[in-house]
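K.L.:
First to last, the sequence lines map onto chains S and E. The numbering of the first sequence is my numbering, which starts it at 1 and goes up by one. The numbering of the second sequence is my numbering, which starts it at 1 and goes up by one.
Please keep in mind that the hints were generated in silico from the structure rather than gathered at the bench. Small disclaimer: the values here were computed from a predicted structure and weren't measured. Even glycine gets a Cβ: it sits at the ideal position worked out from N, Cα and C. Hints should not be assumed to be uniformly reliable.
Said to hold, decoys possible - Derived contacts from chain S toward chain E, CB cut-off under 8 Å, selection only:
1) H78
2) G179
3) P459
4) G550
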Amino acid sequence: MNEAMNNILNSRVPDGPLSEKWQNCKNEMKLVAPNNKRKYDIIVVGTGLAGASAAASLAEMGYNVKAFCYQDSARRAHSIAAQGGINAAKNYPNDGDSVYRLFYDTIKGGDFRARESNVYRLAEVSNNIIDQCVAQGVPFAREYGGLLANRTFGGAQVSRTFYCRGQTGQQLLLGAYSGLMRQVAAGKVQMYSRHEMLDLVVVDGVARGIVCRNMVSGEIETYAAHAVLLCTGGYGNVFYLSTNAKGCNVTAAWRCYKRGAYFANPCYTQIHPTCIPVKGDYQSKLTLMSESLRNDGRVWVPKDVNDSRLPSQIPEDDRDYYLERRYPAFGNMVPRDVASRAAKERCDAGYGVGDSGKAVYLDFKRAIEEQGEQRIREKYGNLFHMYQKITDENPYHVPMRIYPAVHYTMGGLWVDYHLQSTVPGLYVLGEANFSDHGANRLGASALMQGLADGYFVVPYTIGHHLATANLKPVSTAHPQFAAVKEDVENRVRKLLSGKGDRTVQEFHRDLGEIMWNQCGMARSQVGLESAIEKIQELRDQFWNRVYVPGVGEELNQQLEQAGRLADFLEFGELMARDALERNESCGGHFREEYQTEEGEALRDDANYAHVAAWEYTGNDSTAVRHTEPLTYDTVKMTTRSYK
Amino acid sequence: MISPGKKKLKLTIRVWRQKGSNERGQFRDYLLQGISPDMSFLEMLDILNEQLLDHGEEPVAFDHDCREGICGACGVMINGQAHGPDNETTTCQLHMRRFQDGDTIVIEPWRASAFPVLRDLIVDRSPLDRIMQAGGYVSVNTGQAPDGNCLPVPRHDQESAMDGAACIGCGACVAACKNASAMLFTSAKVSQLAQLPQGQPERAQRVLNMVAQMDAEGFGSCTNTYECEAACPAGVSISHIARLNREYVKASFCSTAEPTIPMK
């Protein structure tokens, strides 16, 4: 029997009451002495919030870090695009917030599909993150007295979100990036930009290095280390159209999956409710309008299906503020999955607005009347500016039109409490892992998780691995590096042999259409089964008909994209398979067969209160599904209600 | 309102083609038809590339990533203007409705000796990272921070610091400047940290080192032509350059700090 088949997913959750677990874990972990840290090399792949914060923190501690990113500068990772804010349980507004409440909101927001202990730790370290960022000079919004300001985000009844205008992700990333640059100058971090990780090197069962392609010279390079941190973000671009940056991809995570890391809950994807609607077949990406807008914007559609009047001519009585109607307690601030489904429900019923009928209004009229245009401009100026650039409409005068779009992926590589994957020595941080958001992520929590993992979790847990794993010296001269390098070179060669009649982008659009229609906001058994077939067909077609120009030894963007798409074509099938196997609706995973009479998601806690972690077995269509049961010792699983 | 009936554009795209850093480049003309005015500029380049691929030609290489104006990856000279004709707009946020049917659009990479061309429209902007490495940070290790509210920051200082912090590091200021100066970029970070209490301990050292590195990279000097401000997609004002100059003079004459980076 396959040895891995017997592998029980050991989450290594520490003993003790929930609130003491992290402290107990820290007390018991082995340490690496300060003067020994310089003997260890650590590879960090990706320089977003998780990667940059981890790389900087580990270098500050004395480790030798090699950091890699595919962008031309570490500062451009897609964390930069997060707009609204970052949560923390500071309770500065004195409105009753606490670590427990942040924990509970996050667990509930995730529809009781996240690991209790991880989420509690996340809430626990949230306050340290704010302190750390302020100390770096991150210019968080402040009150007139000079103290930090907060705003409210979806799924919460307290104000706990810290923000920098509509550019919070940018400012937090620049804070982490500045720490990273400081360590580059200190010689503790070697920075490799325009490098794409194409494979993981596992020696004697432990992750010991990576294989990269230098995206300028095209050279395939190998790097060895004592541990590898994967901070490579999410896989939302499997849908082609998403709010992710164009370069975001699943390749690094997928290569690790193929080397033995289990992929957890790939079907959990977040469809963000407030994005600018799709407008043409040439569209290359979707743009998010921050959830913070729902603090002041009101979502509505006309009450009458046939109402074709301009929004300004529709009087109050003829408007259906459907979120306020259906969810009076949370109103426009319901969590993202709920808001997205409600928008889809209205549009599917024919109430949608705009040319396509696939949009609802987000209206600031009342907020502008009450607070003045200047105040609204201060809060959301850059978002309104961006909206106007894209749509040619002025949202100060005309309500925005918005529609849900793929935004974030809660699934990712399976990790234990230490953030270690099923491959020892391979740690996975931020969006690339599955750990903290369950089936749905609350707004302003992604930034929190990325920085928690990088600043305050992995710097502790990696030491335990290095101190206990008894690692032998391994360099890139080890035969395993040559073997993996050859795999990568063969793969690149195979892609470059594609001289068919269809472009990478055409195939990517086709894949995106399958995924959006059958594995998007609503899923069904029939749809998913047909999606799996279609993806398999598309994958065959891709290898027979794709056209990849040029050669490998040059800057070749089509080759980069082709490699990423080839992995998406394999990953998409696993995602559909995971959605098919999960016979319930929870959070962002909505199976049409499992809903209440009111159309709300219907969970099946008796059979599906577990993490699904998929093991690669050598074939794209026969991955093995393992489960990690989710037990809730502190909270009681309830039906989420935001009414 | 997005009206479905807008006229499609027919354009001539004159674009810089250069295979690598050490190869000679040249302009090439391509005809494009059926361009929707609602397309973004980069979507227009996508269409051009699909057309080139259909003809078995190599597509035009250009940097881009977030396509929502925040990552700073994209940026080209469009008819001689960095990021094109719109105010406070990155190339990815520029839309084709700004152009007329029949136009010829000239597209070039950023031009600066500090930014060598890697391929077509892609340049090497790593000098900007090195300026940051010279001092664009507060030296605080993870775990050392006191409570976030222990140091109040006057709201106008914080807002003004945020104005500088908004820089996206795209390099348009360098490209727009006749001297290829990186003063706006450098000043944005110096100014942000000079106005915050967290930036005070290293204030003098920071400005001296960042300016020394900027000079060492081969960027030119500022002669106050304000082109950088006009081109900046993040609205960074040249008043930050004024502050940079004040900070530099103060650090040079009124502090004991010395640059640790060799002066040019």
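K.L.:
Now look at each hint and say whether the structure bears it out.
P.N.:
Here is how each hint holds up against the structure:
1. H78: Hint holds; H78(S) Cβ to chain E Cβ min 6 Å, cut 8 Å.
2. G179: holds, 6 Å
3. P459: Where the cut-off is 8 Å and the nearest Cβ of chain E is about 7 Å from P459(S), the hint holds.
4. G550: This interface hint holds because 6 Å falls under the 8 Å limit.
The structure fails none of the hints (numbered hints given earlier).
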